[in-house]
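Enquirer: In case you want the letters, here they are:
Number of protein chains: 2
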Amino acid sequence: MIYLDHAATTPVDERVLEAMLPYFREQYGNPSSIHARGREAAKALRQARATVADILNCTPKEIIFTSCATESNNLALRGIAFAQRARGRGRHLVVSAVEHKAVLVTAKGLRDHYGFDLSIVPVDEYGRVSADDVAAALREDTILVSVMYANNEVGTVQPIAEIAALCRERGIPFHTDAVQAANYFSLDVEALGVDALSLSAHKFYGPKGVGVLYLRSGTPLWPQMTGGGQEHKRRAGTENVAGIVGLARALEIAQSTREEESARVRALRDRLIEGVLARVSDVYLTGHPTERLPNHASFVIRGLEIQGVLMGLDMAGVAASSGSACTSAAQEPSHVLTAMGIPHLDAVGHLRLTLGRETGAEEVARAVEALATVVARMEREGMRGG
Amino acid sequence: MIYLDHAATTPVDERVLEAMLPYFREQYGNPSSIHARGREAAKALRQARATVADILNCTPKEIIFTSCATESNNLALRGIAFAQRARGRGRHLVVSAVEHKAVLVTAKGLRDHYGFDLSIVPVDEYGRVSADDVAAALREDTILVSVMYANNEVGTVQPIAEIAALCRERGIPFHTDAVQAANYFSLDVEALGVDALSLSAHKFYGPKGVGVLYLRSGTPLWPQMTGGGQEHKRRAGTENVAGIVGLARALEIAQSTREEESARVRALRDRLIEGVLARVSDVYLTGHPTERLPNHASFVIRGLEIQGVLMGLDMAGVAASSGSACTSAAQEPSHVLTAMGIPHLDAVGHLRLTLGRETGAEEVARAVEALATVVARMEREGMRGG
Chain A
4 MIYLDHAATT
14 PVDERVLEAM
24 LPYFREQYGN
34 PSSIHARGRE
44 AAKALRQARA
54 TVADILNCTP
64 KEIIFTSCAT
74 ESNNLALRGI
84 AFAQRARGRG
94 RHLVVSAVEH
104 KAVLVTAKGL
114 RDHYGFDLSI
124 VPVDEYGRVS
134 ADDVAAALRE
144 DTILVSVMYA
154 NNEVGTVQPI
164 AEIAALCRER
174 GIPFHTDAVQ
184 AANYFSLDVE
194 ALGVDALSLS
204 AHKFYGPKGV
214 GVLYLRSGTP
224 LWPQMTGGGQ
234 EHKRRAGTEN
244 VAGIVGLARA
254 LEIAQSTREE
264 ESARVRALRD
274 RLIEGVLARV
284 SDVYLTGHPT
294 ERLPNHASFV
304 IRGLEIQGVL
314 MGLDMAGVAA
324 SSGSACTSAA
334 QEPSHVLTAM
344 GIPHLDAVGH
354 LRLTLGRETG
364 AEEVARAVEA
374 LATVVARMER
384 EGMRGG
Chain B
4 MIYLDHAATT
14 PVDERVLEAM
24 LPYFREQYGN
34 PSSIHARGRE
44 AAKALRQARA
54 TVADILNCTP
64 KEIIFTSCAT
74 ESNNLALRGI
84 AFAQRARGRG
94 RHLVVSAVEH
104 KAVLVTAKGL
114 RDHYGFDLSI
124 VPVDEYGRVS
134 ADDVAAALRE
144 DTILVSVMYA
154 NNEVGTVQPI
164 AEIAALCRER
174 GIPFHTDAVQ
184 AANYFSLDVE
194 ALGVDALSLS
204 AHKFYGPKGV
214 GVLYLRSGTP
224 LWPQMTGGGQ
234 EHKRRAGTEN
244 VAGIVGLARA
254 LEIAQSTREE
264 ESARVRALRD
274 RLIEGVLARV
284 SDVYLTGHPT
294 ERLPNHASFV
304 IRGLEIQGVL
314 MGLDMAGVAA
324 SSGSACTSAA
334 QEPSHVLTAM
344 GIPHLDAVGH
354 LRLTLGRETG
364 AEEVARAVEA
374 LATVVARMER
384 EGMRGG
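As you go down the protein sequences, you meet chains A and B in turn. Start counting the first sequence at 4; every next residue gets the next number (our numbering). Start counting the second sequence at 4; every next residue gets the next number (our numbering).
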């Protein structure tokens, strides 16, 4: 099988699984317990937190472990919004039109059900937000801005540092959903200038069910899960020790190899893009031509319902996707493609191919071949519209 | 080591870990993906959901997988409270005084920050809630009642079916935190008559980081994590497939052996209680003498700071605890012991010993011996007050 859906999820690295296993077995303590079993678990947690903090260039106290990036995004948005409003700082939120649904739906929920105001900043035809548009959306009562690091559906990378700088000038907390960035880009929160940043382990060869919210010290936050005093009272619940240990190990591996791996997959991705553009007719690249994730290729194949293409690829042993995996069951057109001005008739032909560690030149060549064959067969069978 | 802190957490059963491993490795797909890798993961999720639903005697759609019981409790309380209020049904909540903090702190948060009313029902000297007291607390505008199945700190079992019945009569949703009950009691939601029930895998020999909220069909709920459409739009976020598979396997094992295991640990627990009462002076049992968890022994040892006892036990190779593991770092007296009318001076001497699958007669005898030795040494050293 050729797996080209790394934006949806990645396999767990064997080194990561190995690091996790002791915490299912003999070191099963609850970190809140004061006996030896508990102290072992608490130590593992402390080490994992220190590892992640080192990578992000922050203090361990600024790391909040969560159950996934969706939780991190929800915690950042709801948590900061409620806390800021309670301090009388306003009720206005700003997000981009191409955020993951964990941000966009949550922001709209805050508007529709909890009395906040929301501005949604547009993107250009490549799915890119401009810092000027963010600046224009800011108001006196803006209490939070959230713009993703890189887009999951079309791969476009956003000018995060620039947006962070203009928020910083005005004293507005800035959050970024960095889920797709962790394998390839720096997560140095000082260099980026962000106040909050979300990660999910299963996107960087760690386990599902564990994530991070980095939160800059001093940023107000109302916890969204309350109870025990875990995570410095910002996220209650017994810690997923094995998962957290796995997350830290996975992030360590991903970040220590990101430069070589970026160069490697970028070359393969460019070959993939060239191959697809050369072998499939009436197709175009979606997302930014250069400012894009090194592992991310995405296209519109005009006049085709992509479901048929995906099934054909699946039967040929190629795992591909369309838009976000999180929304593939939904029938509505992708909000990302719509925001980019791609017409609905084109959007239904959206294909996403995302490379990963197991992807080599052979896999890329075979995927291009498989795609060309599937599309040609669909054309012969009259399944391609005008 | 003799581990007597099963109320805090349990080791993962090897059969559970074995069931999980494939979902870290080859079957790593995202259940939302439509290709083969995704479909395998979706199938595993479906099977796990069906297993849990069978055990709870409900439909698969009534099962919501979460990241832990704290999340389940928060989702039940906030989710039902906000949804009921939005439907104009009222703003009054009822909980017991001995709930886990995930319920109690969350209920107080709804009162203090979100405009709800809250009644906290008292307990008797054994930590038991009376259905009459719950009935007396109900109002025209009561929209949710939450009373735990069995108490984590003192082991007392609550009259859940009775409270559920009186809520049912009045059309008020009833939630129970069943975290401590899963190894020993029936979780049949029809027999219990509950509308919502929380579970946490790591309390029944499953992994940390995964839980369940059962929610009876028709019970209104506002999701607390929004984004993708997972869990029938009630809990967004990529599913923790390995964890969920592990949870289902662990629940299957726990529930299929619960009657024998209850009888086995009950006999050992009674021997433990007898031994402690015989060998340690000025000690008394806390919690209900008969209506208690079969694995749960808890005491007050008068005139001793329990921290010293716990450290002494730890050095002797016995892992024990005091009150809830979740609050052990806090210095304030346990809210559970306080609600039972236990004076603060006694509460600081609270000891919890909770048995589990690895506990045999030998472990119980050695634990009693170790406790008697530690207490005698502290007495000799003048560490026991009057």
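Please note: incorrect hints may appear among the correct ones.
Put simply, identical chains are the same to the list, so a pair is met inside one copy or across any two.
Said to hold, decoys possible - Here are the simulated lysine to any residue pairs, SDA-like style, with alpha carbons at most 20 angstroms apart:
no.: 1; residue 1: K46; residue 2: R92
no.: 2; residue 1: K46; residue 2: R173
no.: 3; residue 1: K236; residue 2: G363
no.: 4; residue 1: K236; residue 2: W225
no.: 5; residue 1: K236; residue 2: H116
no.: 6; residue 1: K111; residue 2: W225
no.: 7; residue 1: K111; residue 2: E335
no.: 8; residue 1: K64; residue 2: P346
no.: 9; residue 1: K236; residue 2: R360
no.: 10; residue 1: K111; residue 2: A86
no.: 11; residue 1: K64; residue 2: E308
no.: 12; residue 1: K46; residue 2: M4
no.: 13; residue 1: K236; residue 2: G112
no.: 14; residue 1: K236; residue 2: P336
no.: 15; residue 1: K111; residue 2: K236
no.: 16; residue 1: K111; residue 2: P292
no.: 17; residue 1: K46; residue 2: P63
no.: 18; residue 1: K46; residue 2: E294
no.: 19; residue 1: K111; residue 2: L169
no.: 20; residue 1: K236; residue 2: R383
no.: 21; residue 1: K236; residue 2: T260
no.: 22; residue 1: K46; residue 2: G320
No lab work stands behind these hints, which were simulated from the structure alone.
Enquirer: Indicate, hint by hint, whether the structure satisfies it.
Expert: Tested hints:
1. Taking identical chains as interchangeable, the C-alpha atoms of K46 and R92 are never at most 20 angstroms apart, the minima being 38 angstroms within one chain and 47 angstroms between chains.
2. Proximity of K46 and R173 under a CA criterion of 20 angstroms is satisfied in neither setting, with 39 angstroms inside one chain copy and 49 angstroms between copies.
3. Proximity of K236 to G363 under the C-alpha cut-off of 20 angstroms is found in neither arrangement, the shortest distances being 45 angstroms within a copy and 37 angstroms between copies.
4. Taking the shortest Cα distances, K236 and W225 sit within 20 angstroms of each other inside one copy (10 angstroms), while across copies they are farther apart (24 angstroms).
5. In this assembly of identical chains, the alpha carbons of K236 and H116 lie at most 20 angstroms apart only when taken from different copies (16 angstroms versus 26 angstroms within one copy).
6. Taking the closest pair of Cα atoms, K111 and W225 come within 20 angstroms of each other both inside a single copy (18 angstroms) and across two copies (14 angstroms).
7. Taking identical chains as interchangeable, the C-alpha atoms of K111 and E335 lie at most 20 angstroms apart only when both belong to the same chain, with a minimum of 17 angstroms there against 40 angstroms between chains.
8. In this assembly of identical chains, the alpha carbons of K64 and P346 never lie at most 20 angstroms apart, being 46 angstroms within a copy and 36 angstroms across copies at closest.
9. Neither within a single protomer nor between protomers do K236 and R360 lie at most 20 angstroms apart by alpha-carbon distance, with minima of 37 angstroms and 32 angstroms respectively.
10. Taking the shortest alpha-carbon separations for K111 and A86, both the intra-copy value of 17 angstroms and the inter-copy value of 17 angstroms come in at or below 20 angstroms.
11. Neither within a single protomer nor between protomers do K64 and E308 lie at most 20 angstroms apart by alpha-carbon distance, with minima of 48 angstroms and 30 angstroms respectively.
12. For a Cα distance limit of 20 angstroms, the shortest separation of K46 from M4 across copies, 19 angstroms, qualifies, whereas the shortest one inside one copy, 40 angstroms, does not.
13. For the identical chains of this complex, K236 and G112 are inter-copy neighbours only, at 13 angstroms across copies versus 25 angstroms inside a copy, given an alpha-carbon limit of 20 angstroms.
14. In this assembly of identical chains, K236 and P336 lie within 20 angstroms of each other by CA distance solely across copies; the values are 18 angstroms between and 40 angstroms within a copy.
15. With identical chains, the CA atoms of K111 and K236 are at most 20 angstroms apart between copies only, with a shortest distance of 15 angstroms across copies and 27 angstroms within one.
16. Taking the closest pair of Cα atoms, K111 and P292 never come within 20 angstroms of each other, the shortest separation being 30 angstroms inside a single copy and 52 angstroms across copies.
17. Taking the closest pair of Cα atoms, K46 and P63 come within 20 angstroms of each other only inside a single copy of the chain (13 angstroms); across copies the shortest separation is 38 angstroms, beyond that limit.
18. Neither within a single protomer nor between protomers do K46 and E294 lie at most 20 angstroms apart by alpha-carbon distance, with minima of 40 angstroms and 37 angstroms respectively.
19. Taking CA atoms no more than 20 angstroms apart as the test, K111 paired with L169 passes in neither setting, with 23 angstroms inside one copy and 38 angstroms between copies.
20. Taking the closest pair of Cα atoms, K236 and R383 never come within 20 angstroms of each other, the shortest separation being 61 angstroms inside a single copy and 39 angstroms across copies.
21. Taking the shortest alpha-carbon separations for K236 and T260, neither the intra-copy value of 34 angstroms nor the inter-copy value of 37 angstroms comes in at or below 20 angstroms.
22. In this homomeric assembly, K46 and G320 come within 20 angstroms of each other (Cα to Cα) only across copies, at 19 angstroms, whereas the closest approach inside a single copy is 43 angstroms.
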